[in-house]
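K.L.:
Got two chains here, separate frames each, mind docking them using the hints?
If you're matching them up, the sequences are chains Y and Z in order. FYI, in the working numbering the residues of the first sequence are 1 to 113. FYI, in the working numbering the residues of the second sequence are 1001 to 1112.
To be clear, the hints were calculated from the coordinates, so they are not data collected in a lab. Among the hints, erroneous ones may be present.
[What the hints assert, rightly or not] In silico DSBU-like links for lysine-lysine, alpha-carbon gap of 30 Å or less: (1) Y:K112 <-> Y:K58; (2) Y:K61 <-> Y:K71; (3) Y:K71 <-> Y:K49; (4) Y:K61 <-> Y:K49; (5) Y:K69 <-> Y:K49; (6) Y:K112 <-> Y:K69; (7) Y:K49 <-> Z:K1052; (8) Y:K58 <-> Z:K1013; (9) Z:K1030 <-> Y:K61; (10) Z:K1030 <-> Y:K49; (11) Y:K49 <-> Y:K112; (12) Y:K71 <-> Y:K58.
[Said to hold, decoys possible] Computed footprint of chain Y on chain Z, listed as stretches where at least three residues anywhere in the stretch have a Cβ under 8 Å from a Cβ of chain Y: (13) 1037 to 1046; (14) 1098 to 1104.
Ideal Cβ positions, reconstructed from N, Cα and C, are used throughout, including at glycine.
The residues making up each chain are set out below.
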Amino acid sequence: AQSVSQHNHHVILSEAASLELGCNYSYGGTVNLFWYVQYPGQHLQLLLKYFSGDPLVKGIKGFEAEFIKSKFSFNLRKPSVQWSDTAEYFCAVNTEYGNKLVFGAGTILRVKS
Amino acid sequence: DAGVTQSPTHLIKTRGQQVTLRCSPISGHKSVSWYQQVLGQGPQFIFQYYEKEERGRGNFPDRFSARQFPNYSSELNVNALLLGDSALYLCASSWGMNTEAFFGQGTRLTVV
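In isolation and in its complexed conformation, chain Z is listed as follows (with noise of 0.2 Å):
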């Protein structure tokens, strides 16, 4: 069985720029969430999505958003990126809304 996967793995942008990334959960998980881990901190909260509804939404500003597709797949994206976005970005299944999640490798964002 596929985990949860991630893509891109490395991406590089520059201020102002605008990133989307992608997740696909494991089979049959109908939540996904989202999450940011700078270096020498844990995660971070950014999104829950649920049967393609936002289910929660951390402290983060208005230039993240994020959307789940039939097939639960999901996208996070980033408007206007400032040096400080530049973190891991972690994407989590699971099967329900209050169940162990899984996580993805991540995506590593460096914006410069």
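Just chain Y, same shape as in the assembly (with noise of 0.2 Å):
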């Protein structure tokens, strides 16, 4: 069964400075890779999202994410946070078989200002 991985529960960081949220799979076909983010009180939102081409995804807010295949990962970056970026993010994987997303257990990011 697929599994995502994400490597820190909670991150802490003051506003400028650089973000990167690990994020691994298991899963030895072709995969959708997605970075969602929930601010305090809103629906889950997609960020970015990966299905083919390009390894490095650019999304929304100035992040961005770099898919890479041999290393079964897909981390977030964004080079300078911002208090708004607080939120918990979710890394999703799903495969060509269907829409099944498997979430990781999320990433609470809490940015000081």
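P.N.:
Shown next as structure tokens:
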């Protein structure tokens, strides 16, 4: 069965610090990869996605992620975080067989102003 | 454009009761999926429906069932509620079987 591992459950950063959230998945076949964000009191929103093509994917609000197939990884990055980036971030994977998303446990990011 | 809408937003039920949760997908989307999210964990897949047929089922007991209607809206039913069913239930809609999913606000179910 597929699984997704997010390396840190809680991350605290100061504004303007750089962010990298790790995500690794276990599945040997073709995958689609996603990062979702959940701001306090809001629903899950798609931050960025990878289906195919350029492994460096740019999303909303200055976020990007890099798919490294050999490492089964899809890490999320942002060069300079803002207080408004405080949220919970989920990495998710689905396979070519359907839309069953397998989520990681999430990383709670708190940005101090 | 309206996003994915779920009702009710909050629900309190007693052990042993039955509950029905509802979801309206984004207009034009033909697939609806249901997820359960308990505190401290990521959402877990329960069902996917596409064109009114079940296309996937997660590792949940038979007490959980769902259906999709001709207008593509969906209901999730849970029978014989247990305390452990307390969770946020999320509905996601997508245009196709394997396209990006958009989530609703969820229904917070508390079983007492």
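K.L.:
Confirm or reject each hint.
P.N.:
Status of the hints after comparison with the structure:
no., hint, result
1, Y:K112 <-> Y:K58, "24 Å, holds"
2, Y:K61 <-> Y:K71, "26 Å, holds"
3, Y:K71 <-> Y:K49, "18 Å, holds"
4, Y:K61 <-> Y:K49, "14 Å, holds"
5, Y:K69 <-> Y:K49, "15 Å, holds"
6, Y:K112 <-> Y:K69, "33 Å, violated"
7, Y:K49 <-> Z:K1052, "26 Å, holds"
8, Y:K58 <-> Z:K1013, "43 Å, violated"
9, Z:K1030 <-> Y:K61, "29 Å, holds"
10, Z:K1030 <-> Y:K49, "20 Å, holds"
11, Y:K49 <-> Y:K112, "27 Å, holds"
12, Y:K71 <-> Y:K58, "20 Å, holds"
13, 1037 to 1046, "holds (count 6)"
14, 1098 to 1104, "holds (count 7)"
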